[in-house]
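Put chain B with the ligands on the given structure of chain A with help from the hints.
Okay, here's what each chain looks like letter by letter:
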Amino acid sequence: TVLSDQSNFEVKHPLNTKWTLWYTKPAIDKSESWSDLLRPVTSFQTVEEFWAIVQNIPEPHGLPLKSDYHVFRNDIRPEWEDEANAKGGKWSYQVRIKSADINELWLRTLLAVIGETIDEDDSQINGVVLNVRKGGYKFALWTKSEDKEPLCNIGARFKQVLKIGDDEKIEFFPHSDANGKHHQPTITL
Amino acid sequence: MVRYTIEELLQLKPSEALTPNFDAVEFRAMIEKVKHLQALKEEEFGHFGHFNR
Ligand SMILES: [Zn+2]
Ligand SMILES: [Zn+2]
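Protein chains in written order, with the working numbering: chain A, 1 to 189; chain B, 190 to 242.
Simulated from the structure, these hints should not be mistaken for lab results.
Do not rely on the hints blindly, as some may be mistaken.
Computed cross-link-like contacts, DSS-like style, restricted to lysine-lysine with a CA-CA straight-line distance of at most 25 Å [to be verified]:
1. B:202 - A:12
2. A:25 - B:222
3. A:30 - B:230
4. A:66 - A:134
5. A:134 - B:202
6. A:159 - A:138
7. B:224 - A:169
Covered by chain A, per the in silico footprint, the following chain B stretches (three or more residues, Cβ under 8 Å) [what the hints assert, rightly or not]:
8. 194-204
9. 209-221
Glycine is no exception: its CB is placed at the ideal position from the N, C-alpha and C atoms.
Extracted from the complex, chain A is given alone in its bound form (with noise of 0.2 Å):
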């Protein structure tokens, strides 16, 4: 019986896939190149290692400037260069509202993205991303394609789950026009 088994009281909730934690760290001196900087921190793939690591690590807004954090799935590296990003792109939102709230929306974020509920069945999601700037906190979600009928329900669902009211808009920018000089959002919601 599930009683007589002692191993069942520790049941797991496994995730949909397995997940990678990356840090970029701030640049201190001159000699430290972009993989010093960019390194994943560890994986998860249940809820409860997701809670684990989560509980001790810094919050957004215990981290340094020019900070990242990254949570990718499976081996996806966090570079537009990754086989799987090179035809996707990133929802992007700059946060305007008090730093109160970062911690608050980051976390949504990531349980919304780990736990699939922003994604469609295809994963069109293959990470999420905080930047820590001067200007202030960024978060993105970054997709495998451009196609635009996916893109717009992921970012419709992405407004929810940051609680953006319609004053405030999300952009989308392709990673294929990344190193273009006139970086300019596709879609705006």
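Coordinates of chain B with the ligands only, in the frame set by chain A:
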């Protein structure tokens, strides 16, 4: 596809902190060091500004 709502995930949050599957003490120490070095740099620039006035 395995799905959990935000509310379901929050209900699964343990009341006591669990031990993570990596060296979180080292990770937090690295971040504290960066914050300290950034603060020192800020101070240096502050001194420069003061000097040039
Ligand atoms: Zn603070
Ligand atoms: Zn001084």
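Comparing the hints with the structure gives:
1. At roughly 12 Å between alpha-carbon atoms, residue 202 of chain B and residue 12 of chain A fall within 25 Å of each other, so this suggested pair holds.
2. For the hint linking residue 25 of chain A to residue 222 of chain B, the alpha-carbon distance of about 11 Å falls within 25 Å, and the restraint holds.
3. A distance of roughly 13 Å separates the Cα atoms of residue 30 of chain A and residue 230 of chain B; the hinted pair therefore holds under the 25 Å criterion.
4. Distance restraint check for residue 66 of chain A and residue 134 of chain A: the Cα-Cα separation of roughly 8 Å lies within the 25 Å cut-off, and the hinted pair is therefore satisfied.
5. Between the alpha carbons of residue 134 of chain A and residue 202 of chain B the distance comes to roughly 32 Å, so the proposed pair goes past 25 Å and is violated.
6. Straight-line distance between C-alpha atoms of residue 159 of chain A and residue 138 of chain A comes to about 14 Å, which keeps the hinted pair within the 25 Å bound.
7. For the given pair, residue 224 of chain B sits about 32 Å from residue 169 of chain A by alpha-carbon distance, which is inconsistent with the 25 Å threshold.
8. For the segment 194-204 of chain B, the proposed coverage by chain A is satisfied: 8 residues have a C-beta within less than 8 Å of a C-beta in that chain, meeting the threshold of three.
9. Here the segment 209-221 of chain B counts 8 residues with a CB under 8 Å from a CB of chain A, which clears the bar of 3, and the coverage holds.
Checked against the numbered hints given earlier, the structure breaks hints 5 and 7 and satisfies all the rest.
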